[in-house]
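Here the protein sequences come in this chain order: E and L. When you number the first sequence by UniProt numbering, it's gap-free, plus one each residue, and the end is 199. When you number the second sequence by UniProt numbering, it's gap-free, plus one each residue, and the end is 199.
Don't read these hints as lab results, they were simulated from the structure. Remember, it's a predicted structure, so these values are computed and weren't measured experimentally. Just so it is clear, CB atoms sit at the ideal spot from N, CA and C, and this is done for glycine as well. Mixed in with the good hints there might be a few duds.
What the hints assert, rightly or not - A few chain L positions that, by computed beta-carbon distances, are all more than 10 Å from chain E:
(1) 150
(2) 155
(3) 165
Stated by the list, open to error - Some chain E residues near chain L, calculated using beta-carbon distances under 10 Å:
(4) 16
(5) 38
(6) 138
Now for the letters of each chain:
2 protein chains.
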Amino acid sequence: MTERLPVDLAKAYRLLNHGPTVLVGSAHAGRRNVMAAAWSMPLDFSPPKVAVVIDRNTLTRELVDASGEFSLNVPARTIARETLFVGSVSGRDADKFADGTGVSAFAGSHVAAPLIDGCLAWLECRVIPEPHNQDRYDLFLGEVVAAWADPRAFRDGHWQSPPGAGHEWRSLHYIAGGNFFETGDAFEVKPAPESDVNS
Amino acid sequence: MTERLPVDLAKAYRLLNHGPTVLVGSAHAGRRNVMAAAWSMPLDFSPPKVAVVIDRNTLTRELVDASGEFSLNVPARTIARETLFVGSVSGRDADKFADGTGVSAFAGSHVAAPLIDGCLAWLECRVIPEPHNQDRYDLFLGEVVAAWADPRAFRDGHWQSPPGAGHEWRSLHYIAGGNFFETGDAFEVKPAPESDVNS
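Excised from the complex, chain E in its bound form (with noise of 0.2 Å):
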């Protein structure tokens, strides 16, 4: 069971902050998809918004450009070998939630787009359209309309492990070929006196 519990929107940009690598949930009339994207990055703070780039020949193409929403999942380490695979078969040769190598997945409040169990955060996310740069790059623009988080991962606005946590609490940062580096050591700056003015 996935534990969540909904995420602030002025701090939902907080989940892609730091550049995890992300799977992008799809449904339209009966139809749902998941696929793995490591080009995503917040894009606003309020409204929230996201910008992905969705490649024009997948299904998860089809299915956001026919439904116009997607989901933002942020994966944890535990199902890096489900991201691999949901980034590496199309969903129209494969099941992506096959029981045993595939992903299980919830329903969203706002969207028909699947969230992903195993995941950290999940953005449920509606298409601002800009058909320039769907065609032109690729690049789709969201509204962020929900957000929820697990709460042993993320709460009151911050990312924070339970004291001793192991590696099944951090995120994923895609490299190639099958490498990830996994989210490190949290730790803070201080800024040195010099630095202390308004920006």
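Guided by the hints, dock chain L onto chain E, whose structure is given.
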């Protein structure tokens, strides 16, 4: 002295694929600046393109608008303090290249925007003019016209730290409020036999 070797442009996306926080360098008519940006991503493989959010109120924006060029620099953990500094103050209020608090820079090969010492990799970019994106979303697209990396961190198209390397070779992932993640350990996922299908 910053060590650097050229990166094959077809592999340049890998310098950003894992979602590091970057420094955006800019210059025009004798003025130069650098700011931190957590919101950037690769946009295409070949020719390599990138996307980055550059707020309309920044000096960086003024210089990028005027020059049509910028650099993206991937800072190492060793310059986390400087990264926070150049991301916290405006180039209109402080000299970000001042001795002691700021960064030092060297010249690129294709653009006038400064490249920043203490980084692991550098991308020289020309703006792909998309006025609607720039005006409405502060979103800039750029073509990567040259790329470089410190061969101790990235060589032969792959991130690879020296044996026994410490945290000084890790990149940064900004969270908020002066908090960063460093890039964690790399690991390889071997696809399950069932997933050995063409994508």
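Problem set entry | Which numbered hints fail | none
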